[in-house]
Structure formats: structure tokens, C-alpha cells
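Chain by chain, the residues run as shown.
Number of protein chains: 2
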Amino acid sequence: MINIERQTYSLNLKHTFTIARGSRNQQHIVLIKIKHDGEIGYGEASPSDRYKENQNSVIKFYDQVDLSNFNDPFLIEDILNYVEKLAPGNQAAKAGIDIALYDLIGKKLKIPLWKYFGLNPDKTPTTSFTIGIDSPEIIENKIKEAEEFPILKVKVGVPNDEEIIKTIRKYTDKTLRVDANEGWKSKELARDKILFLEKEGVEFVEQPMPAEDVEGIKWLRKQIHIPIIADEAMGTISDILKVYELYDGINIKLMKCGGINKALKIIHAAKAMNLKIMIGCMVESSVGIAAAAQLSPLVDYADLDGNILINNDPFTGIYHHKGKIILSNEPGLGIQPCQI
Amino acid sequence: MINIERQTYSLNLKHTFTIARGSRNQQHIVLIKIKHDGEIGYGEASPSDRYKENQNSVIKFYDQVDLSNFNDPFLIEDILNYVEKLAPGNQAAKAGIDIALYDLIGKKLKIPLWKYFGLNPDKTPTTSFTIGIDSPEIIENKIKEAEEFPILKVKVGVPNDEEIIKTIRKYTDKTLRVDANEGWKSKELARDKILFLEKEGVEFVEQPMPAEDVEGIKWLRKQIHIPIIADEAMGTISDILKVYELYDGINIKLMKCGGINKALKIIHAAKAMNLKIMIGCMVESSVGIAAAAQLSPLVDYADLDGNILINNDPFTGIYHHKGKIILSNEPGLGIQPCQI
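Chains C and V, in that order, are what the protein sequence lines are.
Mapping to our numbering: the first sequence position 9 is 9, numbers consecutive.
Mapping to our numbering: the second sequence position 209 is 209, numbers consecutive.
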């Protein structure tokens, strides 16, 4: 019999984190344990109100989940199909279960998940480090804090974007990637912003305009020269036919798509469609970050810094060296609880 | 160190096997063993001249393969990337290596591959049984031989297609699927044939016209009502963007696409593109059939009868019950050598 236990937890951000949609100091998550035959798999749901989830909706979803009819955690397609059908949406909640099941499977097989997926742990990408929207003084401090990381992901989508970028460029010529989080509401504004960013040597832009503005994106893409990556426009795998031909690539997050199983399917579909692939995250503990990191040898870009932005990570086991993701050799996700 | 050994073998067909392209009594394959640390993985390459392969080209390809630089069979993405880059094409030869590596991995983990892939062995589909092109008398005998199988796949693409189908319908109202193997050379002929087949209650038609006749297929699809499935038009994953929007579904064969790893990626991409998925085979031993069967719980249709059509199968371990595929609980492919 497969048992599931849940526990709420609040991740504390080291600094107030601001993106185009708003600011916060905490991220309220739900940690889960899936137990089977003496082994424990750990999972995490880090919900986002952009996708109509929060800690309460995750708890409510988990209250419906009954895995006692399943005897074998290896039958993950069946279990995840059951979970999928309990309610639409709720992808972060679903991801928590998926992550815990894969951790359990890896532990039962006594191999790390990257090995289970046939991947070479030396081929992990270098993650970007996120610089939230802030005053020039604070941004200056954050650049120092990010010294070790060779790639910065800069949050924009506010009136003083140019000032933010110029401040960063005053201190560093590192690779810059930019995320507007749907912040530019007109196509002309998006064009002007991106043409400026191109001159500043930005590598690509994530979600310049609202996800639903399909005509705007079509127009915009002909006016600019750097790739645009779908984030808010690319939730689950059912969105891929919508973003294919509109964007150059996609940002896959376990909390948007429903977990490792679905992320892998999206990766394979995206490669077949010649889309660039980024693997990203919400503000997450090392549980969610370790889960996404297992798949990172398959992708073009990684933005897996969620656990670096917090100061009370309840788990350890996933690290970086000069930004390069270091996967553990321990079974499953390779993580251990340390604060819970 | 990973070692590879090869052995040629000729599969004897129980009956002369005729399709639109020609007839034969034997299928010349190459069986391989991949050895690592005391464990043996079995693989098979069953080449087809339609894809510019034969037993000699497979041997020539294997002469180039040197896996001695690889120490870990679990790093299958790296190994298969190395194999892929040795030469273009040669997908049956490549599939042989892929199959043997997965058999080895399953044996090392002591689990069957369907479990490794997270699939429920009870959810295998029912395979069709293939009726080659023949005289009405022989077809009558073959229908008796196929008594146990509830779904027949009928090879057509010759002038007397109608006679073949009417002969079959005289004896049975079983589900019929039809494969023209590119045999109808004009779109009008294909339309007339399919409108006839629709009246005979045929479920779908595989590859009605030559793979390269894109305009013909576009025209044809508007004239008919049953699904058409790409076979010769769908080789490797790079073809999927070409067949998407032209066909209703695809026939994936390990020997066309390069093996289990690539077949899984095609399955995920095809599902994202809302294509129906059939898993098929060449004339193959139980090695290739068991490999494809491991993935069969993921697909809509199966045509995995290659090993039933021969009388000197060098392996055992994959069975059918009233056509439903029965997966073994033994590790890896779950097969054992019996005649080699």
C-alpha cells in the first residue's frame, strides 16, 4: 500500500522578491512524503497564484488523493493518470506527488534519478541566477552576491527596465537573460524594450507580453532578432501546439506542467518541434530544484536557482559550482531533510 | 568496459510473405549481445531495403562500433548519441544496440523494461495478425490460422485488392486494418480503393500512397472518412513535423526509428501533436518484438506479429493470448535464447 503524508512549510526569501506581477518575502509550499514498504519518497508543491494555486488549494487537492489502491509505485503512469483525473489544473500539487514517486522509485532501485533517465550527470547546464526588480542600489548588492554565477536572469516588465539593465551592465558583462513576466502590455512597447535589450547584449527574453496576446507575439517576433521563450504561455503539454510557431523556445517548470513525468514528455515533444528548451522553477526548496535538475542534461538553458534565493531550505543535496548544477550520486533525488 | 558481439541469423517465414513491394521466404537479421560486468543484453537488427539497409550494411555498421570507451551502460543517451553519429541512416543497426542496452539495464536493475518505463503490463493492446497478399485459397487458409486473433491487418496495394478483402469478409467480420505499403500510385486510385474499404468496415489504412506524394495525401484525406496512418512516411523523429497535419496517426517501428529510446520520444511527441499511435514491426524475432511490446501500453494500436510469422524464432519470452500481448515478468526484455 502506498501512503502519502503532507506538511505545510514557508520558504523565507533572503531578499524581498519582486517581478512584474508583485513582491513577496515568503513562498508557502507543501512538502509531502510518499511511503511504501519502508522507503520514503519526498516531494514538494510550490504553488503560484498565476496558475490559480496556493497552499490551501494544494492541501485541498491532497485531501482528495487516496493512493491506498495502488500497490506498486513503479506503475507511475497509472498513478499519475489517477491523480490527473481528480481535478483539472492543480499542477503544482500534482508535481509534488510525481516528484515523491520518482524519489521513491530511485531509492528502491538504489540509483539516482539522472541514471534512471539514462543521463550523464557531467552534462548539466549552468543555471542562471535571478535578479528581481529593485532599486539600483540593491541591484548593485545583488550583483555582488551573484558573483559566482556566470549567467544572470534579470526580471523586467516595469517602467524603469532600461535603468535596471544599465545598472547591471555598469558592473558586469556577464550573459544576461531577461524575463518580462508578461509585463509589457503593448506590442510596440515590447518591441522598443527588446530592441534596447538587444543592444545591451541580452541573450533572450522570456514572456515579453501577456500569454493570451497571440497576435501581438506574432507581430513582435518579426520586429526583433533575439529568441523569445514562452513561460506563462507554456503550462502543460497541451499548450505546446499553441506556442510552437509563436515562440523560439519554452520554459518548462515542474510546478506548471505537473512534474518530472510530464516535463520529460514535453522535452521530447519540444525537441521534435525544434523548440529551444529551458528548465525553470518557482521559488522552491531543494526538493523541487533537485527534481528539475535530474532532467537538466537534456535541456539548452537552466534557471534552477529557487533554493539559492531562500534561507531556510528544509533539504540539502543539490549544489552548484560556478553556476554549473552538481547532481548527487545518492539514490532518487539525492536529497536529505535538514530542517524539518 | 562494454563489449558487443554479433551473429547473423535468417528467420524462416512460415509462408511466402508478399506485400505491394514484393515477396520473400526469409528475413536476414543480425543478433547482438552487449556484455558488461557479467550481464548480457540481447538485441536484434532486422533491416529493410526500403530504408536502404540489409544484413551486410548492418554488419558493416557494427564493424565501426566501439563501445570500449563507455564504462556505464546506464548512460544510454551518451552511448546512443555516439552510435547515432557514426553514420546517417542505419536505424535497424542502431536499434539493435539500443535494444541490447535496455535489456542489459533491465537485467542490472532486476526489473522488466515495462516496469522501468513505469507502465502497467495489463494495459497492453491486442496485436493485429498480418495477412499477406495471396490467392483467395491461401487467404482462406490464413484466416483459419489467424483464428485466435480478433484483429487482422491485410496487405493490399495490388490490382485485386477488392477480391482479397471480399474473400476475407466472406469468412469473418473481424476488425480489419489495411496496409497498402505505398502501393496505390495515383490519388484517384487510392480514393476509390479506400471508399471501397470503408464500405467493408475497414478501421484505418496505412500508407495508401508513396511517402513522398505530399500533395496527393493532402487531396486524398479530404475525400475519405477513415483515418490514414503514416508508415513509410514516418521513419525517424525528424519526420514527425512532416507527417503531422498530413496523416491521422503514425506507425512507429523500432527498426525504422532507431530503437526503444527514440520510439519513446516519438510516442511523447506524437501524443502532444494529437496523432494516433501504432507500434509495428518488420519480420523480427522475439528480441525485436519483445522490445516493442514493452512500450505497447502507451499506444493506440499494435501490430507486433513478426515473431508469429516465422518458424525458427531464436528466442522465447513474448506471447499473445487471443491477440493480447503478454509481457514477461523476467528482467529486461524478458526473453531467453532457445535456438542459438
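Check the hints yourself; a few may be wrong.
So these bits of chain V aren't anywhere near chain C, every CB distance computed over 10 Å [to be verified]:
id: 1; residue: Met1
id: 2; residue: Thr16
id: 3; residue: Arg24
id: 4; residue: Ile138
id: 5; residue: Glu145
id: 6; residue: His225
id: 7; residue: Ile226
id: 8; residue: Ala269
id: 9; residue: Lys276
PhoX-like cross-link-like pairs, simulated, lysine-lysine; straight-line CA separation at most 25 Å [to be verified]:
id: 10; chain 1: C; residue 1: Lys142; chain 2: C; residue 2: Lys110
id: 11; chain 1: V; residue 1: Lys218; chain 2: V; residue 2: Lys271
id: 12; chain 1: C; residue 1: Lys108; chain 2: V; residue 2: Lys110
id: 13; chain 1: V; residue 1: Lys108; chain 2: C; residue 2: Lys108
id: 14; chain 1: V; residue 1: Lys123; chain 2: C; residue 2: Lys108
id: 15; chain 1: C; residue 1: Lys218; chain 2: V; residue 2: Lys242
id: 16; chain 1: C; residue 1: Lys242; chain 2: V; residue 2: Lys276
id: 17; chain 1: C; residue 1: Lys276; chain 2: C; residue 2: Lys123
id: 18; chain 1: V; residue 1: Lys242; chain 2: V; residue 2: Lys218
id: 19; chain 1: C; residue 1: Lys123; chain 2: V; residue 2: Lys108
id: 20; chain 1: C; residue 1: Lys271; chain 2: V; residue 2: Lys110
id: 21; chain 1: C; residue 1: Lys242; chain 2: V; residue 2: Lys242
id: 22; chain 1: C; residue 1: Lys123; chain 2: V; residue 2: Lys242
id: 23; chain 1: C; residue 1: Lys35; chain 2: C; residue 2: Lys123
Listed next, the stretches of chain V that the computed footprint assigns to chain C, with coverage defined by at least 3 CB atoms under 8 Å from CB atoms of chain C [to be verified]:
id: 24; stretch: 49–58
id: 25; stretch: 71–79
id: 26; stretch: 184–191
None of these hints come from the bench; they were simulated from the model.
By construction, the Cβ of each residue, glycine as well, lies at the ideal position given by its N, Cα and C atoms.
Next on the checklist: Does lysine 123 (chain C) sit within 25 Å of lysine 276 (chain C), going by the straight-line distance between their CA atoms?
Outcome noted: Between lysine 276 (chain C) and lysine 123 (chain C) the Cα gap is close to 17 Å, so the pair holds against 25 Å.
Next on the checklist: Can you confirm whether the C-alpha distance between lysine 142 (chain C) and lysine 110 (chain C) stays at or below 25 Å?
Outcome noted: Not OK: lysine 142 (chain C) and lysine 110 (chain C) at ~39 Å, beyond 25 Å, violated.
Checklist entry - For isoleucine 226 (chain V), which was marked as not at the interface, is the minimum beta-carbon distance to chain C over 10 Å? => result 24 Å, holds
Next on the checklist: Under 8 Å between beta-carbons, do enough residues of the stretch 184–191 of chain V, three at least, approach chain C for the coverage claim to hold?
Outcome noted: violated (count 0)
Checklist entry - Taking 10 Å as the cut and beta carbons as the points, is threonine 16 (chain V) off the interface with chain C? => result 38 Å, holds
Checklist entry - Does the claim that histidine 225 (chain V) lies off the interface hold, with its Cβ farther than 10 Å from every Cβ of chain C? => result 24 Å, holds
Checklist entry - Do the alpha carbons of lysine 271 (chain C) and lysine 110 (chain V) lie within 25 Å of each other, as the hint requires? => result Between lysine 271 (chain C) and lysine 110 (chain V) the Cα gap is close to 31 Å, so the pair fails against 25 Å, i.e. violated.
Item to check | 25 Å Cα cutoff - pair lysine 242 (chain V), lysine 218 (chain V) | outcome: It holds: about 12 Å lies between the C-alpha atoms, which stays within 25 Å.
Checklist entry - Is lysine 123 (chain C) close enough to lysine 108 (chain V), meaning Cα to Cα at most 25 Å? => result 23 Å, holds
Checklist entry - Is the Cβ of glutamate 145 (chain V) farther than 10 Å from every Cβ of chain C? => result Correct as stated: the minimum Cβ-Cβ distance to chain C is 35 Å, above 10 Å.
Item to check | Holds or violated: lysine 218 (chain V) to lysine 271 (chain V), with C-alpha atoms at most 25 Å apart | outcome: 21 Å, holds
Next on the checklist: Run the distance test for lysine 242 (chain C) versus lysine 276 (chain V): straight-line Cα separation, threshold 25 Å.
Outcome noted: 19 Å, holds
When each numbered hint is compared with the structure, violations occur for hints 8, 10, 20, 22, 23, 24, 26.
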